[in-house]
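Trainee: Keeping the supplied structure of chain G fixed, place chain Z upon it in accordance with the hints.
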Amino acid sequence: DAGVTQSPTHLIKTRGQHVTLRCSPISGHKSVSWYQQVLGQGPQFIFQYYEKEERGRGNFPDRFSARQFPNYSSELNVNALLLGDSALYLCASSLDRGGRVDTQYFGPGTRLTVL
Amino acid sequence: QQQVKQSPQSLIVQKGGISIINCAYENTAFDYFPWYQQFPGKGPALLIAIRPDVSEKKEGRFTISFNKSAKQFSLHIMDSQPGDSATYFCAASWGGGADGLTFGKGTHLIIQP
Numbered sequence: 001d002a003g004v005t006q007s008p009t010h011l012i013k014t015r016g017q018h019v020t021l022r023c024s025p026i027s028g029h030k031s032v033s034w035y036q037q038v039l040g041q042g043p044q045f046i047f048q049y050y051e052k053e054e055r056g057r058g059n060f061p062d063r064f065s066a067r068q069f070p071n072y073s074s075e076l077n078v079n080a081l082l083l084g085d086s087a088l089y090l091c092a093s094s095l096d097r098g099g100r101v102d103t104q105y106f107g108p109g110t111r112l113t114v115l
Numbered sequence: 116q117q118q119v120k121q122s123p124q125s126l127i128v129q130k131g132g133i134s135i136i137n138c139a140y141e142n143t144a145f146d147y148f149p150w151y152q153q154f155p156g157k158g159p160a161l162l163i164a165i166r167p168d169v170s171e172k173k174e175g176r177f178t179i180s181f182n183k184s185a186k187q188f189s190l191h192i193m194d195s196q197p198g199d200s201a202t203y204f205c206a207a208s209w210g211g212g213a214d215g216l217t218f219g220k221g222t223h224l225i226i227q228p
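Chains as they are written, first to last, in our numbering: chain G, 1 to 115; chain Z, 116 to 228.
There's no promise every hint is true.
[Said to hold, decoys possible] In the DSS-like style, the derived pairs of lysine-lysine whose C-alpha atoms are separated by at most 30 Å in a straight line are: (1) Z:Lys220 <-> Z:Lys172; (2) G:Lys30 <-> G:Lys52; (3) Z:Lys120 <-> Z:Lys172; (4) Z:Lys186 <-> Z:Lys173; (5) Z:Lys157 <-> G:Lys13; (6) Z:Lys220 <-> G:Lys13; (7) Z:Lys173 <-> Z:Lys220; (8) Z:Lys183 <-> Z:Lys173; (9) Z:Lys172 <-> G:Lys30; (10) G:Lys30 <-> Z:Lys173; (11) Z:Lys120 <-> Z:Lys220; (12) Z:Lys120 <-> Z:Lys130; (13) Z:Lys157 <-> G:Lys30; (14) Z:Lys186 <-> Z:Lys120; (15) Z:Lys220 <-> G:Lys30; (16) Z:Lys173 <-> Z:Lys120; (17) Z:Lys157 <-> G:Lys52; (18) Z:Lys172 <-> Z:Lys157.
No lab work stands behind these hints, which were simulated from the structure alone.
Bound conformation, chain G alone (with noise of 0.2 Å):
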């Protein structure tokens, strides 16, 4: 079976642009997350959907966004870009387990670069 794929693998952006990432989660899993991951640090938190619907929410501006599509897959945009979104953009996805979907499994990320 297929594990969690995003795209694009890497992107440069200047500043002030506008970037969207997509991600597919494992087949069956409804539940979709998005980590940012900045080089030497751990992932942390930005959004979590399940069933189309935010459920989540880090502690990041308004200019990340996200929804979820109904085949489960997911799109994270990022408005306005600073030279401190430079960072690994990672997607997870879970099964639903009677409302628990704390059981992530991650996607290789996507690299954005900006400039």
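Mentor: Frame of chain G, contents of chain Z only:
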């Protein structure tokens, strides 16, 4: 988000030795504690996880020890191998995970042949 503090930041262990990484947490509502392994350029991979109703969980060479009263948990890698060289992250979540995982800052582990 509540912090999860991880130590040491880096660790060098001889092949065949025991690697030990420690984490401490503040939020007593945390009820799920996974460990992840990450190789350069890759996403984190789930190694092993524990819930606070048990004090220890073992899977192959990997063991989690959990001390609820001290709010600490640790990862032990027995018979460490060069292929175990990677960055390890502890994490925690609560209430089913809707607020995501809170990660430690990571431990860079090097296993010397």
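Trainee: So which of those numbered hints doesn't the model satisfy?
Mentor: none
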